[in-house]
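Asks: Okay, here's what each chain looks like letter by letter:
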Amino acid sequence: MDSQTERYSRQMLFKPIGPEGQTEIGKKHVLIVGVGALGTHTSELLARAGVRKLTLIDRDYVDKSNLQRQHLFTEKDAEEQWPKAEAAKERLKSINSRVEVEAIVGQADAALLDGLMEDVDLLVDGTDNFETRFLMNDLAQKYKVPYLFGSCVGSFGMAFTIIPGVTPCLQCLIKRLPIQGQTCDTVGIIAPAVQMVTAHQGAEALKILSGNMKAVRKTYVSFDLWENEYLSLKAGALKDSGCLSCGDSPEYPFLQSGREMKVAVLCGRDTVQVRPAESGILPLEQLVSQWRSAGLEVGGNPFLISVVKDGTKAVFFKDGRALIHGTKDMNEARKIYHSLVG
Amino acid sequence: MDSQTERYSRQMLFKPIGPEGQTEIGKKHVLIVGVGALGTHTSELLARAGVRKLTLIDRDYVDKSNLQRQHLFTEKDAEEQWPKAEAAKERLKSINSRVEVEAIVGQADAALLDGLMEDVDLLVDGTDNFETRFLMNDLAQKYKVPYLFGSCVGSFGMAFTIIPGVTPCLQCLIKRLPIQGQTCDTVGIIAPAVQMVTAHQGAEALKILSGNMKAVRKTYVSFDLWENEYLSLKAGALKDSGCLSCGDSPEYPFLQSGREMKVAVLCGRDTVQVRPAESGILPLEQLVSQWRSAGLEVGGNPFLISVVKDGTKAVFFKDGRALIHGTKDMNEARKIYHSLVG
Amino acid sequence: MNKIMLFAQLKEDAGKSAIETKAAGKTVGELRDFLEKETPLGNLDGIMIAVNEEFVKDDWIIEEKDVIALIPPVSGG
Amino acid sequence: MNKIMLFAQLKEDAGKSAIETKAAGKTVGELRDFLEKETPLGNLDGIMIAVNEEFVKDDWIIEEKDVIALIPPVSGG
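Chains as they are written, first to last, in UniProt numbering: chain A, 1 to 342; chain B, 1 to 342; chain C, 1 to 77; chain D, 1 to 77.
Do not take every clue at face value.
[As the list claims (entries may be wrong)] Taking CB as the label site, the calculated pair distances span:
#1 Gly29/D / Gly311/B: 40 to 46 Å
#2 Gly29/D / Thr27/C: 46 to 52 Å
#3 Asp2/A / Ala111/B: 40 to 46 Å
#4 Ser241/B / Arg52/A: 55 to 61 Å
#5 Asp66/C / Arg176/B: 42 to 48 Å
#6 Gly29/D / Asp2/A: 47 to 53 Å
#7 Glu90/A / Asp33/C: 48 to 54 Å
#8 Gln81/B / Gly247/A: 53 to 59 Å
The set of hints was computed from the structure by calculation and includes no laboratory data. Virtual Cβ for every residue (Gly too), placed ideally from N, Cα, C.
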């Protein structure tokens with residue numbers, strides 16, 4: 001038994017994978033968007049499983065508050081504020097030196113992602129906002145690449161496997177960008193909820209990468225580990241032939257220019273304006289109650305609300321627009337925006 | 001916000017834990033028996049969650065074939081054959097330097113474990129055999145400490161929370177040491193199945209450690225991630241007042257001397273004899289078919305079977321006894337025994 | 001009567017984990033409007049609705065004893 | 001008739017994921033003996049048996065249409 005065969009022996013002994021499946025896994029390239037809680041778990045799992053290449057994208061750096069649930073990262077990474085994608089890459093190389101890891105420190109926008117898709121075999125969701133998810137969903141459909149949706153907050157989470165041409169897509173399931181104001185920064189998150197999502201994403205990844213398409217899950221999983229609830233919901237009926245992402249005449253709306261979140265530094269004001277891709281009506285009352293309950297200082301009037309988080313003041317308007325004060329850093333402003341409204 | 005508050009902020013924002021729950025977690029001592037796939041995942045989760053102390057016990061060293069699913073370990077650990085408990089400790093300290101980690105490299109027998117229980121708040125199952133599980137189950141009952149049972153093989157796994165005085169114990173659920181011959185070494189294991197078990201163990205640990213006893217799961221979870229199956233089974237009816245471990249007149253059978261697996265080097269023969277705690281009838285035919293299907297060389301007659309694994313020959317008798325040839329190392333012999341029959 | 005199971009923040013908004021209501025005969029879309037107006041659940045835009053463990057479209061007609069689940073897609077990751 | 005759901009190696013032993021049999025009136029212990037003798041499942045020592053998503057003792061009497069699950073405790077970790 002050579003050393004690579006020994007390394008993956010327990011995975012090859014699993015009949016549905018076997019030596020053939022392992023060879024297939026070893027040829028595959030997986031793109032993971034977001035290297036936070038979900039992305040660190042799935043990237044570790046796939047590096048250990050022996051994929052050929054992982055591409056990791058994240059714009060953020062490691063922060064002390066990440067350590068409670070984001071694997072791969074150490075106290076040293078947080079002290080040195082190492083970029084997440086690079087910190088993850090370093091650890092993954094020590095775990096499996098044969099896996100090629102490409103780390104991209106940057107904003108996962110349409111231009112960047114579209115340029116990466118050419119030889120990608122699987123898209124894995126590790127992001128913290130639906131704007132990026134809808135973008136990944138469009139890319140999955142355009143390039144006919146499976147997309148593993150996953151998300152969680154508190155003890156609650158969900159996972160769904162999107163196979164272009166077979167299952168409904170994220171746009172079929174969720175017609176509009178959902179804004180509920182529940183984020184890991186407002187209602188918290190426990191690490192087991194993360195692992196529950198990545199256990200599902202990981203199993204689906206191994207099925208797809210090893211060529212076991214028949215075993216792919218057709219239901220949408222939703223669970224709450226604290227409430228001891230687990231639902232497995234049939235989703236096929238939502239497949240919509242008129243869907244602009246996956247229907248008969250796709251337009252891939254989130255790949256169109258002008259359809260992205262717009263972020264601009266306001267001239268001379270030390271303020272960044274954030275405008276979401278889809279102008280919708282922010283449920284201001286719900287947000288106020290979420291934020292108050294998260295211990296944030298909240299003020300405002302019927303037209304706008306202001307909130308102070310980590311020393312930064314942000315003002316949200318009913319149409320979804322926000323001003324983030326005290327910064328000229330666009331990535332910092334995006335991060336604060338998503339941490340408050342998702 | 002001081003640095004520790006910031007570190008655990010996302011866990012404290014989760015309402016059922018809150019600052020009070022976090023303070024409780026920070027006082028607790030968890031004993032994890034077995035630092036393989038399950039034990040590396042749960043120890044990382046609990047170190048990141050901020051428990052006061054973790055005690056880790058494992059007799060084994062890191063092997064290349066562990067890297068596919070056992071977190072915390074790197075290629076370097078496998079090359080240097082670092083003991084698992086020590087390799088885990090080193091990584092855990094870089095993740096959370098405030099958590100006290102005690103690493104014990106040794107056989108988790110009744111004498112060792114009994115001496116550790118005094119200030120333990122929770123027992124977590126990371127072992128690969130039912131003998132050790134029944135021992136942990138007796139200790140949990142004797143010291144009135146919750147015990148988180150978990151196990152997995154292939155894509156299949158299970159988890160159950162045992163609360164002394166409240167739920168049935170492992171002995172109520174499973175009357176005899178089960179021997180099915182399916183182990184990670186014979187039918188393999190995929191990492192997502194491990195994560196699925198530890199997601200459940202982890203959530204239950206956080207409930208218990210933070211004082212949320214009402215949220216504790218009452219059902220026995222059994223799942224198969226490849227088959228997309230998830231069962232949550234009521235177990236209360238199996239609580240047995242005559243149970244020798246948790247009933248009205250407990251005898252803690254696995255803590256009695258003479259009730260442990262007996263391992264002895266046979267004089268001058270370079271062979272170790274292993275005799276299980278409970279002499280039962282080994283299902284020789286089933287074992288032969290499992291082992292053949294795992295690609296092992298199997299021979300024998302109606303009274304015994306011989307099998308060669310990793311160059312070592314082992315002979316199993318119908319009553320459960322085995323001879324492990326070519327070694328004088330008792331731990332190595334135990335390891336081979338459990339890897340073949342569980 | 002129909003049981004409506006609530007998840008994540010909807011549990012908190014309602015102060016309980018399920019609501020009982022008479023929804024038979026209503027479409028899923030009509031139920032959504034009704035819940036937005038008559039309960040503390042507020043804006044249900046983007047909330048996914050399953051009937052008897054299956055997601056259905058807004059024109060699906062609910063029958064007596066159907067069990068409904070409201071699943072809010074959350075954004076964390 | 002009763003459906004008997006199989007898991008882990010029992011699926012392989014039987015070559016399918018479920019067995020249909022007439023078990024109504026039998027106790028769980030009698031069903032276990034029957035399955036050991038009449039099916040390829042072999043020795044069921046230590047296999048846990050649930051009826052309608054609830055583990056029950058060997059003297060429990062099975063009724064028509066009860067769904068039975070055989071859960072083998074596995075040892076890996």
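Asks: If a hint holds in the structure, say so; if it does not, say that too.
Replies: Evaluation of the provided hints:
At about 44 Å, the CB distance of Gly29/D to Gly311/B agrees with the hint of 40 to 46 Å. A hinted range of 46 to 52 Å holds for the C-beta pair Gly29/D and Thr27/C, which are about 50 Å apart. Distance hint check for Asp2/A and Ala111/B: the Cβ-Cβ separation is about 41 Å, which falls inside the suggested range of 40 to 46 Å. Checking the proposed 55 to 61 Å range against Ser241/B and Arg52/A shows it holds: the Cβ atoms sit about 57 Å from each other.
About 44 Å separates the C-beta atoms of Asp66/C and Arg176/B, a value consistent with the hinted range of 42 to 48 Å. Restraint check, Gly29/D to Asp2/A: a C-beta distance of roughly 50 Å satisfies the suggested window 47 to 53 Å. The given range of 48 to 54 Å is respected by Glu90/A and Asp33/C, whose C-beta atoms sit roughly 52 Å from each other. The hinted range of 53 to 59 Å is satisfied by Gln81/B and Gly247/A, whose Cβ atoms lie roughly 56 Å apart.
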